[in-house]
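Please dock the two separately framed chains into a single complex, following the hints provided.
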Amino acid sequence: MTYLLLNLGFLAVAAAAALVAALVHRGRQAASQRPASRPRKVIAAVVLSFVALGVLTAVFDNLMIASGLFEYSAEHTSGWRIGLAPLEDFAYVLAAAVLLPAVWTLLPAGKGTRDE
Amino acid sequence: MTGFIYLGALLFSLAGMVILDWRLKLFVRVAPLRAGLVLLTGLVFFLAWDLSGIALGIFYRGQTQIMSGILLAPELPLEEGVFLLFLCYLTMNLFLLFSRRLRTGSFLPTGQAVRRGESHGETNGKTRGEKAGSR
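So the protein lines, in turn, are chains A and B. Counting in our numbering, the first sequence runs from 1 upward without gaps. Counting in our numbering, the second sequence runs from 1001 upward without gaps.
Simulated from the structure, these hints should not be mistaken for laboratory data. Quick caveat: nothing in here was measured; it's all calculated off a predicted structure. Where is the CB? At the ideal position from N, CA and C, for every residue including glycine. Fair warning: there could be bad hints in the mix.
To be verified - Taking beta-carbon pairs under 10 angstroms as the criterion, some of the chain A residues facing chain B (in silico):
{"id": "1", "residue": "L6"}
{"id": "2", "residue": "A30"}
{"id": "3", "residue": "R38"}
{"id": "4", "residue": "A45"}
{"id": "5", "residue": "L48"}
{"id": "6", "residue": "E71"}
{"id": "7", "residue": "L100"}
{"id": "8", "residue": "L107"}
To be verified - Cβ pair distances, simulated, as ranges:
{"id": "9", "chain 1": "B", "residue 1": "A1055", "chain 2": "A", "residue 2": "Q29", "range": "35 to 43 angstroms"}
{"id": "10", "chain 1": "A", "residue 1": "I43", "chain 2": "B", "residue 2": "I1070", "range": "37 to 45 angstroms"}
{"id": "11", "chain 1": "A", "residue 1": "A31", "chain 2": "B", "residue 2": "I1070", "range": "42 to 50 angstroms"}
{"id": "12", "chain 1": "B", "residue 1": "F1004", "chain 2": "A", "residue 2": "L23", "range": "41 to 49 angstroms"}
{"id": "13", "chain 1": "A", "residue 1": "Q29", "chain 2": "B", "residue 2": "L1033", "range": "17 to 25 angstroms"}
{"id": "14", "chain 1": "A", "residue 1": "A31", "chain 2": "B", "residue 2": "Y1060", "range": "47 to 55 angstroms"}
{"id": "15", "chain 1": "B", "residue 1": "G1111", "chain 2": "A", "residue 2": "R81", "range": "43 to 51 angstroms"}
{"id": "16", "chain 1": "A", "residue 1": "V55", "chain 2": "B", "residue 2": "L1033", "range": "28 to 36 angstroms"}
In isolation and in its complexed conformation, chain B is listed as follows (with noise of 0.2 angstroms):
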């Protein structure tokens, strides 16, 4: 079990990201394709750059309990892919978030009830068909 701890916390990470981006409405949840592509993107950008690193031998893999052994390539676990997934997706969310801020002075999407943590039933102004209701 110890194998998963490091992946696991990836995913639990990972998770972090996906809520914050549901309930901001901020980049997989406003543009799924777009937001694909952009993650891809960084993804292979990300492997490419690693994968020069492990082939110059400027890192490589530490010896440690705390990862699955599973590999995409020599020195390249499965961990650092998801990490790098990570990495992109929280990016995404910062740039978005201050975007959203210097834009409109919120870090909240528009439309969206200034009070957190209430089950508003309402939302001002847009009548855009909330589907989601207010998650």
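Bound-form chain A, shown alone (with noise of 0.2 angstroms):
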């Protein structure tokens, strides 16, 4: 339970983040004249992300772990796996799709960068 607890902390950061920049982004979009972009594109974008990252964990993890890599204490986890990935890795991935992005959109875009 360790794990998932302490991985709730860090998607509860990343979720802030993303709630921020979104707030950032409409009122940027209200400030200038522009059509207004539309936000469920960039949902959709960050949700065809998670899903390649996962696929792409759930294969690479399982390597990883199999390589003998790193090691979890079975106390700590909750004992769902894909493989031999514990469930809970997933969230490393969703929380960058998650937050990346957001620390993207916040920070200003540069001359000759298109907003996303």
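Following this line, the structure appears as structure tokens:
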């Protein structure tokens, strides 16, 4: 259970960043006169990224664990696994798919960069 | 030499991300500072996550011959830092590729000829002073 609780903490940080990014993005759109970009497309891109990362994790986390790169303490994991990979490991890619696009959106687009 | 198998595999994969980024003009190529800050944030975030997991005794370094043995912190190998950097780069490449596909209907950057694998000297439309050719 410890691993799951730890993950919830970091996922909460990622979710908070995404919320702030969404609000800032909306504020920017309101300030500029340009037609609003569709937040739905950003969400879809995040979901698609997470799905792709999840498939890759299912494959490569298994390979990495099988190679003995790292090990897990049994008392701290839920015991739910996909192959060798603890289900909790998928929280990493979920957080990556939520947090990083949020940070990207929060940072001002430099010249020559089209805004997402 | 076997101690560098994992690090070598990670660097090989990371190089793939850079090539994808450069060819398709996705991330660091179009906004180096903005992209660098995203990668730095991701690295700090995930290292904090790893270190918390290690401190709580959730996971630890395996006994294996394919890692260099260089540690960033107790139970945190150098390779994990490179892995996290790769993960962040991969995530952003995917996100920007999917965003572009949803926005423009194509994975290719605007102004790039549709046919790939050809040395096209001309780019349609956009006269933005292409300096890097068609790489």
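Okay, the hints, checked on the actual structure:
The interface hint given for A/L6 is met, as the beta carbon of that residue sits about 6 angstroms from the closest beta carbon of chain B, less than 10 angstroms. With a least beta-carbon distance of about 20 angstroms to chain B, the hint placing A/A30 at the interface is violated under the 10 angstroms criterion. Look at A/R38: its Cβ gets to within about 8 angstroms of chain B, closer than 10 angstroms, so that hint holds up. The closest approach between the C-beta of A/A45 and any C-beta of chain B is roughly 4 angstroms, which is under the 10 angstroms cut-off, so the hint is satisfied.
At its closest, the beta carbon of A/L48 sits 4 angstroms from a beta carbon of chain B; the interface hint therefore holds under the 10 angstroms criterion. The criterion of a C-beta within 10 angstroms of any C-beta in chain B is met by A/E71, whose closest approach is roughly 5 angstroms, and the hint holds. Given hint, A/L100 at the interface with chain B, holds; its Cβ is 5 angstroms from that chain's nearest Cβ, closer than 10 angstroms. A least Cβ separation of about 5 angstroms between A/L107 and chain B falls short of the 10 angstroms threshold, and the interface hint therefore holds.
Checked against the hint of 35 to 43 angstroms, the C-beta distance between B/A1055 and A/Q29 comes to roughly 41 angstroms, which is consistent with it. Distance hint for A/I43 and B/I1070: a CB-CB separation of about 40 angstroms, consistent with the stated range 37 to 45 angstroms. Checking the proposed 42 to 50 angstroms range against A/A31 and B/I1070 shows it holds: the Cβ atoms sit about 48 angstroms from each other. In this structure the supplied range 41 to 49 angstroms holds for B/F1004 paired with A/L23, their Cβ-Cβ distance being about 45 angstroms.
In this structure the hint that A/Q29 and B/L1033 lie 17 to 25 angstroms apart at CB holds, the actual value being about 23 angstroms. In this structure the hint that A/A31 and B/Y1060 lie 47 to 55 angstroms apart at CB holds, the actual value being about 49 angstroms. A hinted range of 43 to 51 angstroms holds for the C-beta pair B/G1111 and A/R81, which are about 46 angstroms apart. Look at A/V55 against B/L1033: about 31 angstroms separates their beta carbons, and that is inside 28 to 36 angstroms.
The structure does not agree with numbered hint 2 stated previously, though it agrees with all others.
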